[in-house]
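*Asks:* One-letter residues, chain by chain:
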Amino acid sequence: MAHQSTYQPSSKLGAWFDERLPIPRMVHGQFIDFPTPRNLNYWWTFGGILVFCLAVQIVTGIVLAMHYVASPDHAFNSVEAIMRDVNWGWFLRYTHAVGASMFFIAVYIHAFRGLYYGSYKAPREVLWMLGVLILLLMITTAFMGYSLVWGQMSFWAVTVITNLFSSLDMLVPGLGTTLVQWIWGGYAVGGPTLNRLFALHYLLPFVIAGVVLLHIWALHIPGNGNPAGIDVRLKSDSLPFHPYYTIKDGFALVVFLLLFAGFVFYAPNYLGHPDNYVPANPLQTPPHIVPEWYFLPFYAILRAIPNKLIGVAALFGAIAILFFVPWLDRSKVRSTTYRPVFKWFFWLFVADCLMLGYLGSQMPEGIYVLLSRLGAIYYFAFFLVVMPVVGMFEKPKQLPGSITEAVLGKEAAAKAEASA
Amino acid sequence: MSFSMTRMRAAGLAAALGLAAVLAVPAQAAEHGPELKELDWSFSGPFGMYDRAQLQRGYQVYKTICANCHSMNLMSYRNLGEPGGPEFSEGDVKTLASQAQVTDGPNDQGDMFKRPGRPSDRFVAPFANPQMARAANGGALPPDLSVMAKAREGGPDYIYSLLTGYGEKPDDMQMAPGMHYNEAFPGHQIAMLPPLADGVVPYTDDTPKTLDNYAKDVAAFLMWTAEPKLEERHKLGTRVMVFLFVFAIIMYLAKKAVWKGKHHKAI
Chain V
11 MAHQSTYQPS
21 SKLGAWFDER
31 LPIPRMVHGQ
41 FIDFPTPRNL
51 NYWWTFGGIL
61 VFCLAVQIVT
71 GIVLAMHYVA
81 SPDHAFNSVE
91 AIMRDVNWGW
101 FLRYTHAVGA
111 SMFFIAVYIH
121 AFRGLYYGSY
131 KAPREVLWML
141 GVLILLLMIT
151 TAFMGYSLVW
161 GQMSFWAVTV
171 ITNLFSSLDM
181 LVPGLGTTLV
191 QWIWGGYAVG
201 GPTLNRLFAL
211 HYLLPFVIAG
221 VVLLHIWALH
231 IPGNGNPAGI
241 DVRLKSDSLP
251 FHPYYTIKDG
261 FALVVFLLLF
271 AGFVFYAPNY
281 LGHPDNYVPA
291 NPLQTPPHIV
301 PEWYFLPFYA
311 ILRAIPNKLI
321 GVAALFGAIA
331 ILFFVPWLDR
341 SKVRSTTYRP
351 VFKWFFWLFV
361 ADCLMLGYLG
371 SQMPEGIYVL
381 LSRLGAIYYF
391 AFFLVVMPVV
401 GMFEKPKQLP
411 GSITEAVLGK
421 EAAAKAEASA
Chain Y
148 MSFSMTRMRA
158 AGLAAALGLA
168 AVLAVPAQAA
178 EHGPELKELD
188 WSFSGPFGMY
198 DRAQLQRGYQ
208 VYKTICANCH
218 SMNLMSYRNL
228 GEPGGPEFSE
238 GDVKTLASQA
248 QVTDGPNDQG
258 DMFKRPGRPS
268 DRFVAPFANP
278 QMARAANGGA
288 LPPDLSVMAK
298 AREGGPDYIY
308 SLLTGYGEKP
318 DDMQMAPGMH
328 YNEAFPGHQI
338 AMLPPLADGV
348 VPYTDDTPKT
358 LDNYAKDVAA
368 FLMWTAEPKL
378 EERHKLGTRV
388 MVFLFVFAII
398 MYLAKKAVWK
408 GKHHKAI
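Line by line, the protein sequences are chains V and Y.
Be aware that the first sequence starts at 11, since it is given in this note's numbering, and climbs by one per residue.
Be aware that the second sequence starts at 148, since it is given in this note's numbering, and climbs by one per residue.
Source of the hints: derived by calculation from the structure; they are not laboratory data.
Worth double-checking, as some hints may not be accurate.
[To be verified] With a cut-off of at most 27 Å between alpha-carbon atoms, the simulated DSSO-like pairs for lysine-lysine come out as follows: (1) 407(V) - 342(V); (2) 245(V) - 316(Y); (3) 407(Y) - 210(Y); (4) 245(V) - 409(Y); (5) 342(V) - 353(V); (6) 425(V) - 297(Y); (7) 409(Y) - 425(V); (8) 261(Y) - 420(V); (9) 409(Y) - 407(V); (10) 318(V) - 425(V); (11) 407(Y) - 245(V); (12) 376(Y) - 210(Y); (13) 425(V) - 245(V); (14) 342(V) - 318(V); (15) 420(V) - 403(Y); (16) 261(Y) - 241(Y); (17) 409(Y) - 420(V); (18) 353(V) - 245(V); (19) 409(Y) - 297(Y); (20) 405(V) - 425(V); (21) 425(V) - 407(Y); (22) 297(Y) - 261(Y); (23) 407(V) - 353(V); (24) 407(V) - 420(V).
[Unchecked claim] Derived contacts from chain V toward chain Y, CB cut-off under 10 Å, selection only: (25) 100; (26) 191; (27) 195; (28) 264; (29) 288; (30) 292.
Only a predicted model underlies this, so the values are computations on that prediction, with no experimental measurement involved.
Ideal placement from N, C-alpha and C gives every residue a C-beta, glycine not left out.
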């Protein structure tokens, strides 16, 4: 890791252990006196919140798995048994279900923060790409978890999404069908499908945890970005992580928990869909199949395109394109605060994603189809046209000389420069 | 300066968290069914609790009317005596259970046999299998009611609206054979006969025996069967929210103290 630890063992035992396995040294260096830019705002607290969300999902999920039965005949009722007969079962299950939504709220804010402040730019490209990989894993995991309830929406979401792969038949006849049957483990969504979804839903969170470690590792090589988008240069540009950011992240986490608990205790089903309290029925298609709210923008993009294969390509492309953002954006300036032109396109992109989310929940008819198409076009244009072109022509605003200057003003910065 | 900055940041954070609500709205608004009658339930709101007497009456309506066609497979008789529900006495629960004939077995001779129900038994379903249920109901399958109040948009409001929603069909509407007009049912054609009428269920308290009261009481009862831990959830929720709110204030003050002089121009 880039930052050298200043750890001093305070006991003989500590020194003995540190010489043999320097975990205390690593923790001290990376999470206690790790130099962190002093100008981070509250948008930077979502990294810590996300670690918390992952931990909550894993802990509640492991206990739920002790009671859940992954079989088409018993899955739905086993979930209800958790709600009724397992001690604290309702709390575990609602926390896990609401937790998924909270996780996505936090990850979307985290990702938009990264986009706004250019957190993907050199030297943080790998950090960003690991983040996109985590998002992709989260989407997969959440989708699989939702299917385990084995209600009507679970069942039909699995049917619709796995059937997307059959569009490959348009490329190579038979390829898609074969692939879909391989995924299902049969000729329809059924017991084998549910079992593998459960197995993978249990596995993937640990894969996510692994990639999160890499993500944090990659963060700790260059250190945090910051709202000014300039590098840490002076000693006074940064503060030790503890106590300054442990307390700030802690406060933000408690506020986030208020929202989280509000949903769990007072509106646990608000973010879900009533149809998922109807047991799965392969013979009866719900009138309107909608995914969970966090997938709606992607669902809108899928449905905006009349050709199934291209629609599926656009769906996957909408995530895949994020991997290339570090090279699509040609501007040297990281923070959008100093980019007067890009700023407009950024907020338009945020609005576009919200609009696509709304459209994803509506029936694909009339004006909604046209808006979905316009929304999908702008989604891709933002990355493929706006990012490269605006970067070339935009005249950025004057950047502050240092983070110290940005926070404490020119006078203090001059003093700091003189003493450096 | 620092105060207004903090406020602005806090406002930004609040706005971000509000995103959840904004995003959730369309998912709910997606399915516009018929207009529902919205009632003021005792269990709605953050401090809402069930009305025991109402749940007991609701069970009476369910038992007398609904249970003739609808199963309730997730419920056991013991649940009727558990805290947070109708809270029938232990003796009452035993009596209510024993009124049902439960198929048990096989016995030592290998035969199935009937015996009076016990509190640990599941509610006995009116039909042995879905096919039999369909055969007895003109081809329509009466759905299981255990989680019905969570399985329909509007929940108890929907159930109440449906039960009170029968009426004369508009003149220009074509009805399929065996269907009944109902203003709350999507498509307005429902196979279920109007199940309730004034006076059909005896009440042990002096609540007027009207269709409207039956509908309200059974809707509340179905809300309890769908959400039997609602009271526990609301009670714990109050304590958790108060704790988090106080904790947030302490954290905020601690954060302010730690950061004093570190992030604004007054160095």
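*Asks:* The structure should be examined with respect to each hint, and the outcome stated for every one.
*Replies:* Hint by hint, here is what the structure shows:
Proximity of residue 407(V) to residue 342(V) is assessed by CA-CA distance (about 12 Å); at most 27 Å being required, the pair is judged to hold. About 80 Å separates the Cα atoms of residue 245(V) and residue 316(Y), which puts this hinted pair outside 27 Å; it is violated. Between residue 407(Y) and residue 210(Y) the CA atoms are separated by roughly 66 Å; this puts the pair beyond 27 Å, and the hint is violated. Our distance criterion of 27 Å between C-alpha atoms is met by residue 245(V) and residue 409(Y), whose separation comes to about 13 Å.
Between the alpha carbons of residue 342(V) and residue 353(V) the distance comes to roughly 15 Å, so the proposed pair stays at or under 27 Å and holds. Of the pairs offered as hints, the one joining residue 425(V) and residue 297(Y) is violated, with about 64 Å between alpha carbons and a cut-off of 27 Å exceeded. Restraint check for residue 409(Y) and residue 425(V): satisfied, since their Cα atoms lie roughly 15 Å apart, inside the 27 Å limit. The straight-line distance between the Cα atoms of residue 261(Y) and residue 420(V) is roughly 89 Å, outside the 27 Å bound, and the hint therefore fails.
Using a Cα cut-off of 27 Å, the hinted pair residue 409(Y) and residue 407(V) holds, with the two alpha carbons roughly 26 Å apart. Simply put, residue 318(V) and residue 425(V) have alpha-carbon atoms about 63 Å apart, too far for the 27 Å limit, and the pair is violated. At roughly 18 Å between alpha-carbon atoms, residue 407(Y) and residue 245(V) fall within 27 Å of each other, so this suggested pair holds. Between residue 376(Y) and residue 210(Y), the direct Cα distance comes to roughly 22 Å. Compliance with the 27 Å bound is thereby established for this hinted pair.
Between the alpha carbons of residue 425(V) and residue 245(V) the distance comes to roughly 12 Å, so the proposed pair stays at or under 27 Å and holds. For the hint linking residue 342(V) to residue 318(V), the alpha-carbon distance of about 38 Å lies beyond 27 Å, and the restraint is violated. The hinted pair formed by residue 420(V) and residue 403(Y) meets the criterion: a straight-line CA distance of about 24 Å does not exceed 27 Å. Between residue 261(Y) and residue 241(Y) the CA atoms are separated by roughly 17 Å; this keeps the pair inside 27 Å, and the hint holds.
Under the criterion of a C-alpha separation no larger than 27 Å, the hint pairing residue 409(Y) with residue 420(V) is consistent with the structure, at around 15 Å. With a CA separation close to 30 Å, the supplied pair residue 353(V) and residue 245(V) exceeds the 27 Å bound. In summary, the hint linking residue 409(Y) to residue 297(Y) is not supported, as the alpha carbons are separated by about 51 Å, beyond the 27 Å threshold. Between residue 405(V) and residue 425(V), the direct Cα distance comes to roughly 30 Å. Violation of the 27 Å bound is thereby established for this hinted pair.
With a CA separation close to 20 Å, the supplied pair residue 425(V) and residue 407(Y) stays within the 27 Å bound. For the hint linking residue 297(Y) to residue 261(Y), the alpha-carbon distance of about 33 Å lies beyond 27 Å, and the restraint is violated. Between the alpha carbons of residue 407(V) and residue 353(V) the distance comes to roughly 12 Å, so the proposed pair stays at or under 27 Å and holds. For a cut-off of 27 Å, the pair hint linking residue 407(V) to residue 420(V) stands: about 17 Å separates their Cα positions.
Hint status for residue 100(V): holds, given a least beta-carbon distance of 4 Å to chain Y, under 10 Å. Taken as an interface hint, residue 191(V) does not check out: its beta carbon lies about 28 Å from the nearest beta carbon of chain Y, beyond 10 Å. The beta carbon of residue 195(V) comes no nearer than 26 Å to any beta carbon in chain Y, farther than 10 Å, and the hint placing it at the interface is violated. The beta carbon of residue 264(V) is positioned within 10 Å of a beta carbon in chain Y (closest approach about 4 Å), and the interface hint is therefore held.
Satisfaction of the interface hint for residue 288(V) is found here, the shortest Cβ-Cβ separation to chain Y being roughly 5 Å, below the 10 Å cut-off. Below 10 Å, beta-carbon pairs count as interface contacts, and residue 292(V) has none with chain Y, the closest being about 14 Å; its hint is therefore violated.
Consistency note: the structure conflicts with the earlier hints numbered 2, 3, 6, 8, 10, 14, 18, 19, 20, 22, 26, 27, 30.
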